[in-house]
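These are the residues of each chain, in order.
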Amino acid sequence: MVKNKKEIIEIQSVSKIYNLGQTVVKALDNISLSIYENDYISIMGPSGSGKSTLMNIIGCLDVPTKGDYKFNSELISEMNDNQLANIRNQKIGFVFQTFNLLPKLNAMQNVEVPLIYSSLGKKDRTERVEEALSIVGLQDRMTHKPNELSGGQRQRVAIARALVNKPSIILADEPTGNLDSKSGNDILKFFSKLHKAGNTIIMVTHEESVAKLSKRRIDIFDGKIARDE
Amino acid sequence: MNSFFKNILIGLFSIRSNMTRVILTSTGLTIGIFTVSLVTASISSIDKEFAKSMEYYGNDKIYVGTWPWSFDFDWWKYRNRPKIDESSLEYINQYSEYITDVSIKKNTWTRASYGNKASWVQLNGVYPSYQDMLSGTKIVNGRFFSQNEWDLQRRVIIVGGTVRDGFFEGEDPIGKKIRLNNVTFEIIGELKKQGMGMVPGGTLDNLVIMPSTTFERILTRWGFDELVLQTNADEIPQAKEEVGMIMRVARKIPPGDDDNFAVNSADAYQAQFNDMKNAIAGMGFLVTGISLVVSAIGIMNVMFVSVRERTREIGLRKAMGATNFNILTQFLSEAVAIAIIGGSVGILLIRLTVFGISSFPIESFNGSTLPVSFDIILVFYTFMVCVVIGVLAGMIPARTAANLNPIDALRDE
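Here the protein sequences come in this chain order: A and B. Residue numbering for the first sequence follows our numbering, beginning at 59 and increasing consecutively. Residue numbering for the second sequence follows our numbering, beginning at 209 and increasing consecutively.
Some clues are possibly wrong.
Claimed, not checked - Simulated crosslink set (DSSO-like; lysine-lysine; CA at most 30 Å straight-line):
#1 A/Lys203 <-> A/Lys247
#2 A/Lys181 <-> A/Lys203
#3 A/Lys224 <-> A/Lys181
#4 A/Lys180 <-> B/Lys214
#5 A/Lys84 <-> A/Lys124
#6 B/Lys256 <-> B/Lys400
#7 B/Lys214 <-> A/Lys203
#8 A/Lys224 <-> A/Lys162
#9 A/Lys247 <-> A/Lys64
#10 A/Lys63 <-> A/Lys224
#11 A/Lys224 <-> B/Lys214
#12 A/Lys240 <-> A/Lys251
#13 A/Lys181 <-> B/Lys214
#14 B/Lys448 <-> B/Lys485
#15 A/Lys162 <-> B/Lys214
Calculated from the structure, these hints are not laboratory results.
Model the full assembly from the supplied sequences, consistent with the hints where possible.
Written out as structure tokens, the structure is:
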């Protein structure tokens with residue numbers, strides 16, 4: 059592992075414990091992990107292994123029960139809802155398995171959503187949106203609504219939305235899970251391109267072939283890191 | 209602050225895509241606003257008309273007659289009372305401390321004619337002192353009759369606006385002669401036109417005034433007499449009590465017997481009018497209150513549905529960096545907008561209704577229109593009411609939306 063890169067994420071002895079009445083579920087059990095700039099990581103594991111919980115914590119959608127989570131040296135584990143929302147808005151781009159585009163908005167408006175919660179003016183927003191959509195090669199589909207786009211195109215709109223705030227990391231949760239193999243491969247090639255361009259990508263997947271494309275692979279099993287190489 | 213307005217825009221945008229549901233939901237509010245506006249408009253219009261009518265009687269006058277001014281007529285009791293006669297006035301002049309001026313007022317209706325035109329008019333026979341006791345009107349042309357004309361029972365009259373317009377159509381009526389009950393009278397004065405009234409007997413302009421002596425000689429057979437007594441507006445209750453006692457003396461009523469006369473003043477109408485007004489207002493506000501509550505519940509329900517339908521959207525927006533306050537604002541503005549749409553339709557309806565009513569003159573009101581007016585301040589109040597209802601109805605659903613956990617919300621199917 060290359061250690062001379064800048065550390066973006068530092069996870070130290072993090073546990074996440076769910077109290078479901080009488081049973082206590084340890085979704086994450088004392089995990090420590092560092093993620094560096096321009097990493098391309100795939101997180102693998104069977105369902106129930108805790109990989110989604112880890113993604114939620116990395117994505118600042120959830121806070122750990124125990125342990126410290128630092129993002130760009132800021133202690134996330136003690137932030138309130140508004141501070142977390144701000145981190146998500148500024149530092150993290152999400153790509154979901156089911157795209158999660160808003161059906162009534164066109165491609166441009168969908169990509170604009172994160173910018174609405176930032177302080178940018180209308181003109182800057184439009185510029186950024188157009189830039190992001192041309193990065194994903196959809197400059198001629200800007201006014202199309204999701205139902206007028208193919209699955210691969212929809213996922214590219216979602217990626218443009220993840221890129222539009224120029225985030226520190228891109229979090230992708232099974233980004234090819236809902237796509238046919240050709241579109242899936244296109245998306246993966248695109249992730250490689252983004253990685254080469256300097257982006258940090260963290261991807262959850264359960265497909266070996268997908269994981270092979272990444273530069274670093276982390277296996278989670280029973281809430282613990284089983285492999286990290 | 210910038211993002212505050214952006215969230216409002218998002219809320220409005222989602223309304224646009226659900227227009228049918230929004231319109232159906234806001235109908236309750238439309239009805240509520242329509243009712244409350246109509247009631248308020250009617251009451252303020254009735255108030256204005258009533259104030260005008262009150263001027264006809266004056267707030268500083270006492271009227272003594274056989275009938276009390278009320279709507280609960282006890283017909284058999286009052287009809288056999290002895291007539292009011294002028295001899296009582298001597299007692300009042302002699303003993304009263306509150307009454308500053310007096311006149312008889314003899315009332316009847318008769319046929320008036322001029323050339324080939326004829327009409328029924330109200331006739332009053334009064335003292336010369338009545339000139340200073342005219343209320344709500346005054347001599348605008350010519351003069352009142354003199355003491356001398358009264359003494360000599362001269363056939364001179366003062367006419368109201370309707371009589372002048374009906375017979376002379378803008379010509380100067382002074383010096384013209386008209387026939388009343390087939391006797392010729394000369395017009396010496398003209399009264400200022402007052403317009404339509406709302407009180408019984410308050411047809412203000414279809415009026416002819418003459419000396420009571422002349423009246424008695426020529427037109428004594430029908431009608432009734434009353435005493436008109438001048439006092440101070442703020443001494444009406446004391447004056448009425450005093451006049452009541454003097455009248456008992458004048459009419460020689462033994463102690464313990466009931467009065468066989470009635471002492472009236474305009475405030476009697478005022479009290480009844482207030483009752484009527486309160487009844488209208490009470491009904492109106494009850495209907496409004498119910499429809500506002502129902503529509504608030506309707507809006508709340510639709511907002512819950514909206515939050516439920518868009519749980520994933522909420523989760524997504526939160527993942528993209530929306531704060532709880534952003535989401536709260538978005539859903540609250542949606543609720544307020546639904547309320548305002550309902551209210552605006554209500555205002556539009558009331559505007560059309562008022563316009564419709566006021567543009568059709570109604571025959572029975574002497575050609576004038578129904579007393580309804582539209583107040584711009586209503587629009588402001590309506591807006592405020594809608595905002596309050598929208599916020600109240602939207603608060604719980606919007607809070608539910610704002611407090612959703614983004615992870616669960618994103619997972620929602």
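Among the hints numbered above, which are violated by the structure, and what are their numbers in rising order? When the structure is compared with the hints, none of them turns out to be violated.
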